[in-house]
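Chemist: Keeping their order, the protein sequence lines are chains B and D.
Going by this note's numbering, the letters in the first sequence line up with residues 4 to 429, in that order.
Going by this note's numbering, the letters in the second sequence line up with residues 4 to 429, in that order.
Calculated from the structure, these hints are not laboratory results.
It is possible that part of the hints are untrue.
Sample of chain B residues facing chain D (criterion: CB under 7 Å; computed from the structure) [what the hints assert, rightly or not]: (1) Ser19; (2) Thr302; (3) Gly313; (4) Val316; (5) Asn320; (6) Val322; (7) Val324.
We put the CB at the ideal spot given by N, CA and C, even for glycine.
There are 2 protein chains.
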Amino acid sequence: MVTRPLRFAEIVAVGSELLTPFRSDTNSLYLTARLNELGLDVRGKSVVPDDRATVAAAVRAALARADVVVTTGGLGPTDDDVTREAVADVAGVAFEEAPALLAAIEARFARRGIRMPSINARQAQVPQGAVALDNPNGTAPGLWLRIGEQILIALPGPPRELKPMLEVSVLPRLRDLCAGAVLRRRTVKTTGRSESHVEEVAQPIYTTWLQSDPVISTTILAAPGQVELHLSAQGADAAGLDRALDAAVQKLEAALAPAVFSVDGRTLEEVVGTLLLERGFTLSAAESCTAGLFLGALTHVSGSSAWITGGVVAYANHVKVQALDVPAALIAAHGAVSEPVAQAMAAGVRRRLKTDLGVGITGIAGPTGGAEAKPVGTVVLAVSSPGDRNVVQTIRLAGDRATVRRMAVQAALDLIRRVLTDADYN
Amino acid sequence: MVTRPLRFAEIVAVGSELLTPFRSDTNSLYLTARLNELGLDVRGKSVVPDDRATVAAAVRAALARADVVVTTGGLGPTDDDVTREAVADVAGVAFEEAPALLAAIEARFARRGIRMPSINARQAQVPQGAVALDNPNGTAPGLWLRIGEQILIALPGPPRELKPMLEVSVLPRLRDLCAGAVLRRRTVKTTGRSESHVEEVAQPIYTTWLQSDPVISTTILAAPGQVELHLSAQGADAAGLDRALDAAVQKLEAALAPAVFSVDGRTLEEVVGTLLLERGFTLSAAESCTAGLFLGALTHVSGSSAWITGGVVAYANHVKVQALDVPAALIAAHGAVSEPVAQAMAAGVRRRLKTDLGVGITGIAGPTGGAEAKPVGTVVLAVSSPGDRNVVQTIRLAGDRATVRRMAVQAALDLIRRVLTDADYN
Numbered sequence: 004m005v006t007r008p009l010r011f012a013e014i015v016a017v018g019s020e021l022l023t024p025f026r027s028d029t030n031s032l033y034l035t036a037r038l039n040e041l042g043l044d045v046r047g048k049s050v051v052p053d054d055r056a057t058v059a060a061a062v063r064a065a066l067a068r069a070d071v072v073v074t075t076g077g078l079g080p081t082d083d084d085v086t087r088e089a090v091a092d093v094a095g096v097a098f099e100e101a102p103a104l105l106a107a108i109e110a111r112f113a114r115r116g117i118r119m120p121s122i123n124a125r126q127a128q129v130p131q132g133a134v135a136l137d138n139p140n141g142t143a144p145g146l147w148l149r150i151g152e153q154i155l156i157a158l159p160g161p162p163r164e165l166k167p168m169l170e171v172s173v174l175p176r177l178r179d180l181c182a183g184a185v186l187r188r189r190t191v192k193t194t195g196r197s198e199s200h201v202e203e204v205a206q207p208i209y210t211t212w213l214q215s216d217p218v219i220s221t222t223i224l225a226a227p228g229q230v231e232l233h234l235s236a237q238g239a240d241a242a243g244l245d246r247a248l249d250a251a252v253q254k255l256e257a258a259l260a261p262a263v264f265s266v267d268g269r270t271l272e273e274v275v276g277t278l279l280l281e282r283g284f285t286l287s288a289a290e291s292c293t294a295g296l297f298l299g300a301l302t303h304v305s306g307s308s309a310w311i312t313g314g315v316v317a318y319a320n321h322v323k324v325q326a327l328d329v330p331a332a333l334i335a336a337h338g339a340v341s342e343p344v345a346q347a348m349a350a351g352v353r354r355r356l357k358t359d360l361g362v363g364i365t366g367i368a369g370p371t372g373g374a375e376a377k378p379v380g381t382v383v384l385a386v387s388s389p390g391d392r393n394v395v396q397t398i399r400l401a402g403d404r405a406t407v408r409r410m411a412v413q414a415a416l417d418l419i420r421r422v423l424t425d426a427d428y429n
Numbered sequence: 004m005v006t007r008p009l010r011f012a013e014i015v016a017v018g019s020e021l022l023t024p025f026r027s028d029t030n031s032l033y034l035t036a037r038l039n040e041l042g043l044d045v046r047g048k049s050v051v052p053d054d055r056a057t058v059a060a061a062v063r064a065a066l067a068r069a070d071v072v073v074t075t076g077g078l079g080p081t082d083d084d085v086t087r088e089a090v091a092d093v094a095g096v097a098f099e100e101a102p103a104l105l106a107a108i109e110a111r112f113a114r115r116g117i118r119m120p121s122i123n124a125r126q127a128q129v130p131q132g133a134v135a136l137d138n139p140n141g142t143a144p145g146l147w148l149r150i151g152e153q154i155l156i157a158l159p160g161p162p163r164e165l166k167p168m169l170e171v172s173v174l175p176r177l178r179d180l181c182a183g184a185v186l187r188r189r190t191v192k193t194t195g196r197s198e199s200h201v202e203e204v205a206q207p208i209y210t211t212w213l214q215s216d217p218v219i220s221t222t223i224l225a226a227p228g229q230v231e232l233h234l235s236a237q238g239a240d241a242a243g244l245d246r247a248l249d250a251a252v253q254k255l256e257a258a259l260a261p262a263v264f265s266v267d268g269r270t271l272e273e274v275v276g277t278l279l280l281e282r283g284f285t286l287s288a289a290e291s292c293t294a295g296l297f298l299g300a301l302t303h304v305s306g307s308s309a310w311i312t313g314g315v316v317a318y319a320n321h322v323k324v325q326a327l328d329v330p331a332a333l334i335a336a337h338g339a340v341s342e343p344v345a346q347a348m349a350a351g352v353r354r355r356l357k358t359d360l361g362v363g364i365t366g367i368a369g370p371t372g373g374a375e376a377k378p379v380g381t382v383v384l385a386v387s388s389p390g391d392r393n394v395v396q397t398i399r400l401a402g403d404r405a406t407v408r409r410m411a412v413q414a415a416l417d418l419i420r421r422v423l424t425d426a427d428y429n
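Next up, chain B with everything else stripped away, as it sits in the complex (with noise of 0.2 Å):
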């Protein structure tokens, strides 16, 4: 029986891969921030080879230190994943196989119309005393070991099979031994402005909150076309810390406005999903540099055949003409980026696929095909609405390829955000 609260965590991150120069370790930094929001500070992380006497004794070295220990990978079902040995090895314990488990995995296969390899059989072992972590996303259950007072857990590397695990059969179980302090977080989003902008506003206010009670600790993080403000506090008392924390929420929304798209969670494209669920508008696209990534961000939202009915991916420009009745000579006159083929574009969309809302996304991502008055990272967009009110925007971003798609795309969804949220459209 566990007879303190537990404090201390460590992290060992199993893979030979993660000893190369191509990957690094990132499962670490989410399971460091779910590990904090119990009150549990993360002391040490370790990354070893698929090697079993490294991990037994990198994984006791940790139990030397910490109260709790989490491995990620080396459960899958090959020779060299040797985690699952690795605990057995480090709790002194044997072998037993668990029938349900293998039947699960059995069941997986046959679901896929597959036999179970031979190999996968190994994942059905667990050594005595631990209790398997159901893995709704693959094949390798975790483990989850009390050692004397300690746990031991081990979770998959894939990102997509560790986090349901840590969310579901992970963290209930450590909260019920992590008695007293809490750590709540906030996360304000922003689109639209630098890491500095948002720094030179926010910056005046975040700081008067490390003198106050209880005290905010504010980080700001920065993706492509997107800058986040991690807001957090810790102590006894949840319900004053969650009204800390919403009073300084509204604070930074106030200040910040209107480039705050989401103060609860939410990605930008499922704020939009929702303002145009609430509208009843449907939505269309024609995208040149995006070549649908705008679309397929947007139809990452379940339900979103809701309200996305299409568009097309004009490249070529004799698509642009062909398909989305684009006038040649407009192209000919203004060139392929240019607000009026944008606007084209949009409207020819929008009437094409009878949709509410027709955008049209037209830029040069690079690295080639920039010139002096156009720019690599310049992009058009342009929104056609009900009414024929029409919105167009030149924008000019940084970054190499890949980065001025992205923020390409989040630029087209914010305008769409601020077109559904301007009182005309309400």
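Dock chain D against the given chain B, drawing on the hints supplied.
Modeler: For chain D alone, kept in the frame of chain B given last:
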């Protein structure tokens, strides 16, 4: 004196900020690449907080396993910078003042018209026997220390300080001690097979290489729709390693064909782009469940406008009918996710956009929309090509919405690859 060549390295990153959810150690990727080039195999990495005893313990543990240990960070002038002290503790030596170093740090401040803060004097203290490494971009000198036959190197954390110090002061010293051993790598990328299936075929082959001369190590890495085999070999004879690795790659290619799409690092979209360019073919796509992500992926490749014409995102059925000429009766008879509809989409987009090849993708990405006959994850892919040679394929994919969509894109890319490498088309 070092009497045997150095082979194994470990990296210890020092910094409490690297144990938060917001920062990760990226220096180690760069360091690993440069150490690998000297034939040093990185066998472990750890991240430790700014605590003298913890840093010293981590360095001692690393020295128990490796010939070379590199620390990063913790060399600054403030109280929480403790790497210098930890290095001295590990070596069991006292500090001595380095007057030349002190003069250099004072001169650095003087150049900026600032008197050196007294705390910076600490940075001129060097553990006895250590060589201070010049820092052209900062005040913190690095340290190079021999402990018996082993080498302990302490580098500053900021990349713009670490990198020049590594290049100018560390690598030349290490090169002399590495006696010409080099590490060579190859990557074999496959698609369309599960990790376990690739393992089942590859394992009997690569196991024999563990006893060969040179020894070739193999690691398997899986991502949605892609399984990679990473091969590496170490030794003095670079040309011999290259020959052995090339032969190994050929064996895997022969055993795993046609699942192998790249042995030169290229992505699947790059491989498909090159094939289209070589054949002089243009391509268009009609996408339903992937909604633009297939064309978005293909156009990540710069210059892709030479082979990608565009496409139609036919999310709603009426777009399939109106923009792609799919007969409404066909959808009514077979459903939108069916082989006849996928074929009609591929033929329709090819005819409408006047391309050599047309691709049709329709499926159920989930989480809703599945039925017993067509569960979530069912995806139908079709290719329409010159001479009305057509291919259609129904696949079942496992995973969440994002994974199914990503795997559907990979499967569609792979189908084009197979069509283009088929003897009939060459």
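Chemist: Look at each hint and say if it fits the structure.
Modeler: Each hint tested on the structure:
Interface restraint check for Ser19 of chain B: the shortest CB-CB distance to chain D comes to about 5 Å, inside 7 Å, so the restraint holds. At its closest, the beta carbon of Thr302 of chain B sits 4 Å from a beta carbon of chain D; the interface hint therefore holds under the 7 Å criterion. The criterion of a C-beta within 7 Å of any C-beta in chain D is met by Gly313 of chain B, whose closest approach is roughly 4 Å, and the hint holds. Restraint check, Val316 of chain B versus chain D: the minimum CB separation of about 4 Å is within 7 Å; hint holds.
Of the supplied interface hints, the one on Asn320 of chain B is violated, with its beta-carbon coming no nearer than about 10 Å to a beta-carbon of chain D, more than 7 Å. The interface hint given for Val322 of chain B holds, since its Cβ lies 4 Å from the closest Cβ of chain D, which is under the 7 Å cut-off. Hint status for Val324 of chain B: violated, given a least beta-carbon distance of 11 Å to chain D, over 7 Å.
Hints 5 and 7, counting from the list given before, are not met by this structure.
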